Each structure stands twice: as structure tokens, then as C-alpha cells.
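Just so you know, the sequences run in chain order A and B. The first sequence begins at 1 in this note's numbering and counts up by one. The second sequence begins at 1 in this note's numbering and counts up by one.
No lab work stands behind these hints, which were simulated from the structure alone. All of these numbers come straight from a predicted model, not from anything done at the bench. Beta carbons are placed, not taken as given, at the ideal position from N, Cα and C, and that holds for glycine. Some clues are possibly wrong.
[What the hints assert, rightly or not] The following residues of chain A were derived to be distant from chain B, with all beta-carbon distances above 12 Å: (1) G32; (2) D64; (3) R101; (4) S177; (5) K185; (6) E187; (7) R203; (8) I230.
[Unchecked claim] Straight line, CA to CA, 30 Å or less: simulated DSSO-like cross-link-like pairs of lysine-lysine: (9) B/K178 <-> A/K328; (10) B/K178 <-> A/K178; (11) A/K365 <-> A/K328; (12) B/K365 <-> A/K365; (13) B/K328 <-> B/K284; (14) A/K284 <-> A/K185; (15) B/K178 <-> A/K95; (16) B/K284 <-> B/K365; (17) B/K365 <-> B/K328; (18) A/K284 <-> A/K328; (19) B/K328 <-> A/K178.
[Claimed, not checked] Covered stretches of chain A (chain B as the covering partner; in silico rule of three or more C-beta atoms under 8 Å from a C-beta of chain B): (20) 72 to 82; (21) 106 to 118; (22) 149 to 160.
Number of protein chains: 2
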Amino acid sequence: MTRILAAVLLALTIGFTVWVNNALAETLRGSGDLGVVVERTAGAILIVDQSERAAIGRVTGLGDLSHASVVFSPDQRYAFVFGRDGGLSKVDLLKQTLVGRVLQSGNAIGGAISDDGRLVAVSNYEPGGVRVFDAETLDMVADIPTGSKTIGLVDAPGRQFVFTLWDHGETWIADLSKGTPEITKIEGIGENPYDALITADGRRYIAGLFGEDGLTALDLWQSPPAPRRILAGYGRGEAPLPVYKMPHLEGWALAGERFVLPAVGRHEVLWVDARSLEETGRTKTHGQPVFAVARPDGRQVWVNFAHPLNDTVQVIDTPSGEVIHSLKPGPAVLHMEFTPRGHEVWVSVRDAGRIDIYDTRSFEKLGEIAAETPSGIFFTARAHRTGL
Amino acid sequence: MTRILAAVLLALTIGFTVWVNNALAETLRGSGDLGVVVERTAGAILIVDQSERAAIGRVTGLGDLSHASVVFSPDQRYAFVFGRDGGLSKVDLLKQTLVGRVLQSGNAIGGAISDDGRLVAVSNYEPGGVRVFDAETLDMVADIPTGSKTIGLVDAPGRQFVFTLWDHGETWIADLSKGTPEITKIEGIGENPYDALITADGRRYIAGLFGEDGLTALDLWQSPPAPRRILAGYGRGEAPLPVYKMPHLEGWALAGERFVLPAVGRHEVLWVDARSLEETGRTKTHGQPVFAVARPDGRQVWVNFAHPLNDTVQVIDTPSGEVIHSLKPGPAVLHMEFTPRGHEVWVSVRDAGRIDIYDTRSFEKLGEIAAETPSGIFFTARAHRTGL
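Let the hints inform the model, and build the full structure from the sequences given.
Below is the structure:
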């Protein structure tokens, strides 16, 4: 009898211990103030908590995370990580585990999630085209070959994805609202579009051109949208730059009534009227800007810079267009992410192995988090925005 | 020995059972797709899950919930419910429990949460003024008497709250960034302001006037902001209406480059240029509009109506300004809430005891949820927006 009881007791104790461990790993918490930091050379992400200003976990085994980007499920529980090696990884932020991974191509550049959160799309260099996956299972549900490197993939309202063909100068709109993709092809985008963005309201899609000056804008409220050339002076200029020197267009930010964007190859940001898409002015900056990010209320724009001036961040006041503050977080500032309502900004300082956290009004440093070669910072509030 | 083992076994079994029960009650889930529905006459809220299109819990004991409104903590775990009776209740959406409640005045009208999520403010009719509470503990941290009924309380960037005095025609800006409130008072708002709104970028604060026609706009980027009268024809007109017939200004919505707002006492919505704040046109509607809500991408505006035409909802196409669809969900449509990226809209049909869920593109009805006299619907994505 004693032996039986002891055996039962042992079994129960083991079961109990498993429960306790699970309970600790799976702390009940809201997911609205979480985020991830890409640890570029480690193939890992740090899971961070904005309210605690701390890392709360780490998930490894995500492959090549150079140029990685991240989108989130509508419940803000799952992160989808797009690696350069064509890997699409699904991470559970609450359990802090890798729950799925597919190597969907040889070489990929970014992805997007549909407005209903059911579909995840990936843009591929090799073999080119776009592949669409079920967000729940990561099963492929659509394969859209384009015969070209595909860039500038974004989600648009109505279960649509929009992307552009580097080789053919075409933008395609894939409507998946009925299951099978219905494709609208728009020609005449220009020579070698290298990146694109969609505005936060999902209305305007703007592609940057590597092969010529200027950009091409589409009004997605038109049917079909007609390409319109804008900002004729914007681009590579007389002396062509390598593609990797062209600014990422995701840096376009709406500040008040103007977009602000990094100039190409110059120590300036440009101001562009949000309605006419015409240039209204420029602000001189410390270096060649990489990202010009507006605080969510648009009242300030924070700018980081290309090597070798990438230890510095400048803050521009939107109404006056003047630089009102400069700070030097440290070597290789790669990315900046605002808390959703803009009271703080998180800055990745790659070569210092650190995330710095600043108050956006007092510019006081509020905290820091150790990270291995941190690059992109992505907060879960992105789940509820178009084109992020 | 056997007895000791048996006692230990019993204790462990009880402990184990408690763990299992807690684990079931506290299902691990993301909080980004949750929401609450106010059950007006039951003093309760339903907790809903957008992805499941279902109610997942109910919390009672929240007092008088006529004219109730709700804000959310940044982690989207906690809902703060403002009742008409001055009650401020804090609900844990994950544990589905009431975790705190203060009866902070005799008669209140709405509240707001600071951009950092640390402070919750309530606007009071009786005794008037604004009280500010610690969001964690619900301890009062500031009492701002105004000597007037206080209306139009909103949060603004920088740990600020903005509100307006019905009796004195003043708007006050309370800056709590340094702990103690610093108050800026702006006179000359007009006669008997009855409600106000702040635009989504936190820049413009607009007050409606009961005592005269027109509205008053403040540009909060100015220091101090100077009141500016706009929309001279907008208001009570020659035949004064009772206050309860004046439209809620929170219904202002940005659709493309225009705000759309319910006309006062007429079967129309007004279109107002978002920059100049001048009227640019009107659209005739089925009844007197109560809420005119833009889909998050601004491409459509959904409108509900005052009694006795309140069984109907109309959908207006933004570019053309034309009504493109009408539907009759049922008796007493009180509120509409879009999913954060606009693919669905949830509609409360009070007298049918139902929430209806529609696809915003096909207008197909996707589901319904039973609720007791449902009024306001609030999704947790509001946590990341200014002025909601």
C-alpha cells in the first residue's frame, strides 16, 4: 500500500512540476505592448515588453536574418519573420516558441499579412514572384510567378497584396478575397523599380526607380489605377548609386500635412505635400538619412544616417522643419520604433549590442536592453496598421 | 507512514485541481483581437473575440452604463469602463474579472487614458471638473475642479488631457508630464460647448456649441492655441434643439482628405476639408445621422440614424459621396465598430439583443452574437490610438 501510494505521489509530483513549469513559461499577459528585436547575426529574435522596458524571452533558429522584417497576427500573439534566405518563421510570443517554419524560396525580400490576418505573402528574388501562405498552418495557398525579381510587397485593404516587378516595370494587384488570386497588372511603372510603399490609409502606392529619376505613384482608389510620375528630381541623379545605397521607401512618414522622406545620396530630408505629392522643401541633416520616421502624432521626425555617420540621430520639428535635437546613441544606429502613441522611441545600436529607450519629449534616456547585433525593432501594434 | 503519505497526496491533489481550474479560466490568448460590448441595462460588459466572432465572457456589477465609454491599457489586457453614475471600473479581459472600482463622482461623462497608459482621467458633471487616477491602483493622483460641468475630455500626446467647461466656454489643457497638473486655460471657446473631439493625430481639438451656431477649433501645435470659429452654419439653427439631440462629435471621421460629420437635426452628413475645416459638400441620408464612421482606410462611411429611423444603416462611398448600400440590421442600431484594418464592421442592434457582423466589401452578414441591450462596442486596438 505504501509503495503504491509512493508511486502515485511521485507521478503526481512530476505532473505537478510540469504544470508549474508550463505556467511559468506561459505567464498570462496582454500582447498589446510586446515587440520583437531582430538579432541579425544570431538568427534570433528577442521578445520585448514595452511597459517593462525589458526583454522577456528569445527565440532562435530563424535562419539568415539580414534584411529581416516582421508582421503580426491580429491577436498580436504570433510574429511572422521573413528572412533573407527565403525562410518564413512563425513565433508564438506568449509561449516564446517557434511554432512553424518553411523555407519557401532561395532568396526573399519581405512579406505582408492580409487585413483579415488569414494570409501571409512573401516576395521573392529567387525564383521571383510571390507566394501566399495560410497564416494558421503555413501551408501554401497561392503561388504567383512573375518572371522577375519581385519587390515592394505590401498588403492593401480587401485581402489584397500589391507588389512590383524589377525587370518589367509593372505593378500587380493580387485580390485574394475570393480565394484564387485575381491579378490586375499595371504597366509603365518605370525602369527598375527597387522598392515601394503604401500609405497608412492604403490608398497610395509609390515605387522608387533605380533606372531613372523620380518615383511613380498609383491611386488604388482608381480602377484601374493610372501610373503618375512624381518628384522628377528625386532619384539616383547623374552619378548612379549602387542599389544598396538607395533609401528604403518604407521610411516615408506622414508628418502633419506632409510626407518626409530621405533624399538619395544627399545630407537632406525632403518634404512632400501629402495631397499633391509635390516637393515643398528640404531640411539639411547631419548625414545621408536612412530612415526618417514620424512620431505617431507627426509633430517630430527622427532621422538616422548611413555609415560612417551612423552613430547619430537627429530630431526635426515638423511645423518649422528645423533640427531641434541631436543625440549620439552609439555605433551603428540601425532602426527606430515608436511606442504606438509616441511617448517613447526605441533605438537599436547594433555595434554597442544595445537597444536604447528615449522619452520623445524630454529626450531623456529611460532605459536600455542588451541585444546581439540588434537591427529591426517591431512592436505588435503594427498588426492593426496597413502596410507595416 | 501511510497516513502521512495519504495526507500529502490529498494536499497535492487539491493543489493540482486548483492549478487546472486556473489554467482553464486563464486561457493563454493574445489580447489584440479582443473587445467589449456594453450591456446598457444590465450594468455588464460582454468580452468578445474578433477572430472567433464570439462572446468569450461577461463581467457584471459595473453600475449605470447608460452613456458608458471604455478605454484600454497599452497591453490591451485591461478595460477601464466609465459609467454615468461616476463609476470607474477596471476589468481584466484575460481573467474576465472586475479588478477595481471607484465611485469617483455623482455623475460623470466619459474618460480618457494618457499616452503612456499610466493615468486615467474622468470628466464630471456633478460636482464638475476632472479627476485623474493611477491606472494601476485606481488611486486618485490629481483633482482638477473647474467650477463647471466638464465635457469633451480627451487625451493628447505628452501625458496631456484636454477638456472644456460648459458654463464658462473655456478649454483647459492639463499637462501631467511632470506629475502635478500644469493647466493652460483658453478662453473664448463659445457659448455652452456641449461636446468635443480630438483628431487622430492629436493636433486639432474641436468643440461643438449648444448656445450658438458653428464650432470652435484649436490647433494644439500652437502655443497657446488660438480659438478659431469654423462651419458657421453648423449647429442648432433657428429652432434650438434639446442637448440630447445634438450629435456626438466623436462621430467625426477622416475619410480621404475630408472629415465627415452628422448634420444637426437634418437628414444629411457634411463633408469638411481636413485642412481648411471648410464645408465642401453634403450627402442626403435616410434619417438624422447619429454616427458617421469611416472605415479605417477612409474609403467608406457607415451611418446610423436617430429614432424612429434607427433600424437602418447606410454606406457612403467616399470619393463620390454617394450612398452605395443600405441595410436594415433591426430595431435600434446604436453603434458600429470596425475591425482595426476595416475588413469587418460590428453593429449593435439594441432591441434585437444582438451584435451583427458584416463583411465591409460584400456586405454579407458573417455572424451574430447575443447580447442584452447592447450599446457601445469597443475593440482593444483603441489602446494604440489617440483620442479614442
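Verification of the hints:
1. Distance check for A/G32 against chain B: the nearest CB is about 3 Å away, which does not clear 12 Å, and the non-interface claim fails.
2. At roughly 28 Å from the closest C-beta of chain B, the C-beta of A/D64 stays outside 12 Å, upholding its exclusion from the interface.
3. Distance check for A/R101 against chain B: the nearest CB is about 20 Å away, which clears 12 Å, and the non-interface claim stands.
4. At the 12 Å boundary, the C-beta of A/S177 falls inside the reach of chain B, the nearest C-beta of that chain being 7 Å off.
5. The beta carbon of A/K185 sits about 21 Å from the closest Cβ of chain B, which is more than 12 Å, so the claim that it is off the interface holds.
6. Separation of A/E187 from chain B is adequate, the least Cβ-Cβ distance of about 24 Å exceeding the 12 Å criterion.
7. Non-interface status of A/R203 relative to chain B is broken: a Cβ of that chain comes within 12 Å, the nearest being about 7 Å off.
8. No beta-carbon of chain B is positioned within 12 Å of the beta-carbon of A/I230; the least distance is around 17 Å.
9. In summary, the hint linking B/K178 to A/K328 is supported, as the alpha carbons are separated by about 25 Å, within the 30 Å threshold.
10. For the proposed pair B/K178 and A/K178, the alpha carbon gap of about 53 Å is over 30 Å, so the pair is violated.
11. Between A/K365 and A/K328 the alpha-carbon distance is near 11 Å, which keeps this suggested pair within the 30 Å criterion.
12. Straight-line distance between C-alpha atoms of B/K365 and A/K365 comes to about 50 Å, which puts the hinted pair past the 30 Å bound.
13. The hinted pair formed by B/K328 and B/K284 meets the criterion: a straight-line CA distance of about 18 Å does not exceed 30 Å.
14. Taking the CA atoms of A/K284 and A/K185, the gap is about 39 Å. The hint is violated against a cut of 30 Å.
15. For the proposed pair B/K178 and A/K95, the alpha carbon gap of about 37 Å is over 30 Å, so the pair is violated.
16. A threshold of 30 Å between alpha carbons decides the hint, and for B/K284 with B/K365 the separation of about 25 Å falls inside it, so the pair holds.
17. Restraint check for B/K365 and B/K328: satisfied, since their Cα atoms lie roughly 11 Å apart, inside the 30 Å limit.
18. For the given pair, A/K284 sits about 18 Å from A/K328 by alpha-carbon distance, which is consistent with the 30 Å threshold.
19. For the suggested pair B/K328 and A/K178, the alpha carbons sit about 25 Å apart, so the restraint of at most 30 Å is met.
20. With 7 residues bearing a CB less than 8 Å from a CB of chain B, the segment 72 to 82 of chain A meets the requirement of three and the coverage assertion stands.
21. Counting residues of the segment 106 to 118 of chain A whose CB falls under 8 Å from any CB of chain B gives 3; the rule of at least 3 is met.
22. Check result for the segment 149 to 160 of chain A against chain B: holds, 3 residues qualifying (beta carbon to beta carbon below 8 Å, three or more required).
The structure fails to meet hints 1, 4, 7, 10, 12, 14, 15 from the earlier list, while all remaining hints are met.
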